[in-house]
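> Sequences are here, hints too, so could you generate the full structure?
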Amino acid sequence: MAKENATWREANIAGLVLEPGCTAEYNTGTWRVLRPVHDMSKCTHCLICWVYCPDSAIVVENGRWVRFDYDHCKGCGICANECPVKVDAHEYTGKAGKVIQMVEEKSWEKEEKC
Amino acid sequence: MVVSTKMALEGAHASAQAMRQINPDVVAAYPITPQTAIVQTFSQYVADGEVDTEFIAVESEHAAMSACIGAAAAGGRVMTATAANGLALMWEELYIAASLRLPIVMSVVNRALSAPLNIHCDHSDSMGARDAGWIQLYSETGQEAYDNTIQAVRIAEHPDLLLPVMVMQDGFITGHAVELVEVADDASVKEFIGTYTPKYSLLDIDHPVTFGAWDLWDYYFEHKRQQTDAMSKAMKVIVDVGKEFGQVFGRTYGIFDAYAMDDAELAIIVLSSTAGTARTVIRELRKKGLKIGLLKLRVFRPFPAQELVAALKDVKAVAVLDRSISFGAMEGAGPLFLEVCAALFAAGATQKVVNYIYGLGGRDVLPEYIERVASDLQEIADTGKVKSLVNYLGLRE
Chain A
1 MAKENATWRE ANIAGLVLEP GCTAEYNTGT WRVLRPVHDM SKCTHCLICW
51 VYCPDSAIVV ENGRWVRFDY DHCKGCGICA NECPVKVDAH EYTGKAGKVI
101 QMVEEKSWEK EEKC
Chain B
115 MVVSTKMALE GAHASAQAMR QINPDVVAAY PITPQTAIVQ TFSQYVADGE
165 VDTEFIAVES EHAAMSACIG AAAAGGRVMT ATAANGLALM WEELYIAASL
215 RLPIVMSVVN RALSAPLNIH CDHSDSMGAR DAGWIQLYSE TGQEAYDNTI
265 QAVRIAEHPD LLLPVMVMQD GFITGHAVEL VEVADDASVK EFIGTYTPKY
315 SLLDIDHPVT FGAWDLWDYY FEHKRQQTDA MSKAMKVIVD VGKEFGQVFG
365 RTYGIFDAYA MDDAELAIIV LSSTAGTART VIRELRKKGL KIGLLKLRVF
415 RPFPAQELVA ALKDVKAVAV LDRSISFGAM EGAGPLFLEV CAALFAAGAT
465 QKVVNYIYGL GGRDVLPEYI ERVASDLQEI ADTGKVKSLV NYLGLRE
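Chains as they are written, first to last, in this note's numbering: chain A, 1 to 114; chain B, 115 to 511.
One should not assume that every hint holds.
Simulated crosslink set (DSS-like; lysine-lysine; CA at most 30 Å straight-line) [claimed, not checked]: (1) B:K347 with A:K3; (2) A:K3 with B:K402; (3) A:K74 with B:K347; (4) A:K3 with B:K405.
Here's a subset of chain B near chain A, in silico, CB distances under 10 Å, partners left out [claimed, not checked]: (5) Y314; (6) L317; (7) H321; (8) F325; (9) H337; (10) R339; (11) E511.
Worth flagging that the hints you see were computed from the coordinates, not collected in a lab.
C-beta: ideal position from N, C-alpha, C; glycine also.
Structure representation (structure tokens):
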């Protein structure tokens, strides 16, 4: 990973990325417009969202859904679209729908509890 | 010990000879008049097994430069050649090659850009690429095209630079004219250019690297600053390589070629083949006592501002000859004139300057045109007044 806030003398030549897989250390989720929110109390841990997520932004431990990786989630909404489990009132949105729902990013104010 | 052979070669064939001796890893090119003679000849070398080069016959110049970029990023020594509209079609990739700091060497056989359709010489093609981040060397003769091509490899690959280099020669006038060219022995050229070991390459699988990644407001600016820093170091490298070339091959190269400039009060600045015509006229005018000299610019990018100011310090009036127009610029001047003006103004110089547009679309440059320039310069020096800033040579008016 290039040094953060490197000057032009310090920055890698031509913007080359010199380590593989370095995106793991870089926040690529800054331009997300819609944010997925998850209702843990209703989740069946089927992990279909984990299978479909194109950015590997769903963290699973011991076969159970743990959290979204918001540093890498682009807010594409595929997880919310594919989620098969219905809820009458979502834990965070209060709305009927699925366990994963999309909300406007700006309304969320970067809370870490989802 | 260099053993040279004198060969009767067209300028384009002289470039092809240099490419054969350089024996690049990859050449990707598309034919376009008047560059075709280079690529056609080189592809024959490939077919005959005289080089080890992987020759990629692509579907366009856009693809040619794209393939060159890929091959150079993979760590290869890469060359190509083009002209006119072909160079224009590479526009996007020219910037990418320079920005990725890939030391690609390209021959450009200068030809007028369409429209109307024209295959003959002017400098509108390479001048259109002047801000792309490539080093630009202009050649007066086939010999210079040959010599510059060999030097270009060393310049481009210099670790302080890693910048692509364009080597120009005038379409047809030089490209298709047969001249005596001293071709060095293959081994001496091979030794001079040495081997290229890129610091980073896609094929170095033990050190994986990404070229051309996303680079936004947070770093793009720093990378552009790096590029301009590399360009600022290029002049020294060009001069050093030109001196070393002279020591090995007997023909030394610098930033420009000054003729009769020692006591000159009037000066003409010009690129490429027209320097020959200007030199001949100046030789005659000198016999008549006119204190006039010639600066034939070899390096246009980076622009040798300080060196030109120094070379012109005792001159009263300067004429800049441009074989292209920067449309919409001050009075429709040419790019070379604009650069010279900027250099002189920034240095606080007070010489009078005048611009002549000439030779567009291959229009002949006759000795009497240069005589007219000399006579105008004398008048400007005598009166201190420039009647017309931008003028045309050989135009029906």
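> So, for every hint listed, does it hold in this structure?
Quick rundown of the hints versus the structure:
1. B:K347 with A:K3: Cα-Cα ~25 Å, so holds.
2. A:K3 with B:K402: violated (66 Å)
3. A:K74 with B:K347: Violated: A:K74 and B:K347 sit about 42 Å apart, past 30 Å.
4. A:K3 with B:K405: Given pair A:K3, B:K405 is violated - Cα atoms ~58 Å apart, limit 30 Å.
5. Y314: OK, holds: B:Y314 within 10 Å of chain A, min 6 Å.
6. L317: The hint is violated - B:L317 has no Cβ within 10 Å of chain A, the shortest such distance being about 14 Å.
7. H321: holds (7 Å)
8. F325: holds (6 Å)
9. H337: holds (5 Å)
10. R339: holds (4 Å)
11. E511: violated (48 Å)
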